[in-house]
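Student: Residues per chain are reported as follows:
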Amino acid sequence: AQRVTQPEKLLSVFKGAPVELKCNYSYSGSPELFWYVQYSRQRLQLLLRHISRESIKGFTADLNKGETSFHLKKPFAQEEDSAMYYCALRPGGYQKVTFGTGTKLQVIP
Amino acid sequence: DGGITQSPKYLFRKEGQNVTLSCEQNLNHDAMYWYRQDPGQGLRLIYYSQIVNDFQKGDIAEGYSVSREKKESFPLTVTSAQKNPTAFYLCASSTSLSGTGDYGYTFGSGTRLTVV
Chain A
7 AQRVTQPEKL LSVFKGAPVE LKCNYSYSGS PELFWYVQYS RQRLQLLLRH
57 ISRESIKGFT ADLNKGETSF HLKKPFAQEE DSAMYYCALR PGGYQKVTFG
107 TGTKLQVIP
Chain U
857 DGGITQSPKY LFRKEGQNVT LSCEQNLNHD AMYWYRQDPG QGLRLIYYSQ
907 IVNDFQKGDI AEGYSVSREK KESFPLTVTS AQKNPTAFYL CASSTSLSGT
957 GDYGYTFGSG TRLTVV
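Residue numbers (my numbering), protein chains in the order written: chain A, 7 to 115; chain U, 857 to 972.
Source of the hints: derived by calculation from the structure; they are not laboratory data. All figures in this text were calculated on a predicted structure; none of them were measured in a lab. One or more of the hints may lead you astray.
Claimed, not checked - Taking lysine-lysine pairs in the PhoX-like style, the calculated list, with each CA pair at most 20 angstroms apart, reads: (1) K913(U) x K926(U); (2) K913(U) x K939(U); (3) K913(U) x K102(A); (4) K102(A) x K939(U); (5) K927(U) x K913(U).
Claimed, not checked - Rough simulated footprint, nothing fancy, chain U against chain A, three-plus residues with beta-carbon under 8 angstroms: (6) 43 to 56; (7) 80 to 90.
All residues carry an ideal CB built from backbone N, CA and C; glycine is no exception.
The task is simple: from the sequences and hints, build the whole structure.
Tutor: Next comes the structure, spelled out in structure tokens:
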């Protein structure tokens with residue numbers, strides 16, 4: 007069975023500092039990886055997916071199959087980035103997604 | 857305005873009662889899901905449905921039941937058999953296709969259930 011690990015419950019960084027939210031997964035096949043974000047008092051929403059290889063709100067994430075990781079990065083943190091971030095994995099061809107336990111990002115002004 | 861609507865936003869239940877949480881979507885999505893969100897435990901899948909009149913147990917289905925009589929609706933019943941029902945419940949939907957055009961899940965705003 008697949009598993010997603012987010013080792014940090016809370017990550018605090020200063021405004022303007024680089025951000026890296028860690029995500030490691032275990033799955034024997036070729037999964038599809040996602041990052042979801044939940045801002046205060048807002049719905050959980052898709053931030054980005056590895057297939058699209060895009061940058062959203064300055065965030066990027068690269069799938070590293072060798073290290074089975076999908077870390078979320080941003081070079082300069084902004085206060086509005088403060089939120090709960092969930093890494094998620096979907097096995098190829100199936101819809102059932104497994105979520106990590108989430109990391110709360112706190113950007114200190 | 858397309859999306860998923862969950863109701864009610866807050867729900868209080870007495871011990872021994874069954875309660876039903878509503879989830880309706882107008883996105884024409886085939887697949888729908890129920891998750892439970894607890895602090896420090898992330899999202900855990902309760903039930904999911906790929907098509908009408910079919911649904912599958914997730915990782916923590918005990919004490920819950922669902923139905924999928926219409927494409928738009930996927931209600932969740934929390935039964936008295938659920939030993940620790942106080943939690944935040946999230947409904948989600950997605951297209952059934954796994955290729956181009958699938959943008960992940962669309963989530964509802966959630967229902968907070970409290971047992972009193």
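Student: Work down the list of hints and note, for each, if the structure agrees.
Tutor: Now for the hints, and whether the structure bears them out:
For the proposed pair K913(U) and K926(U), the alpha carbon gap of about 18 angstroms is at most 20 angstroms, so the pair holds. Proximity of K913(U) to K939(U) is assessed by CA-CA distance (about 17 angstroms); at most 20 angstroms being required, the pair is judged to hold. Restraint check: the Cα-Cα separation between K913(U) and K102(A) comes to about 11 angstroms, which is no more than 20 angstroms; the hinted pair holds. Simply put, K102(A) and K939(U) have alpha-carbon atoms about 25 angstroms apart, too far for the 20 angstroms limit, and the pair is violated.
Between the alpha carbons of K927(U) and K913(U) the distance comes to roughly 18 angstroms, so the proposed pair stays at or under 20 angstroms and holds. Beta-carbon proximity to chain U at under 8 angstroms applies to 5 residues in the segment 43 to 56 of chain A; the threshold of 3 is reached and the given coverage holds. Coverage of a stretch by a chain is defined here by at least three residues with a beta carbon nearer than 8 angstroms to that chain's beta carbons; for the segment 80 to 90 of chain A and chain U the count is 0, and the condition is violated.
Checked against the numbered hints above, the structure breaks hints 4 and 7 and satisfies the rest.
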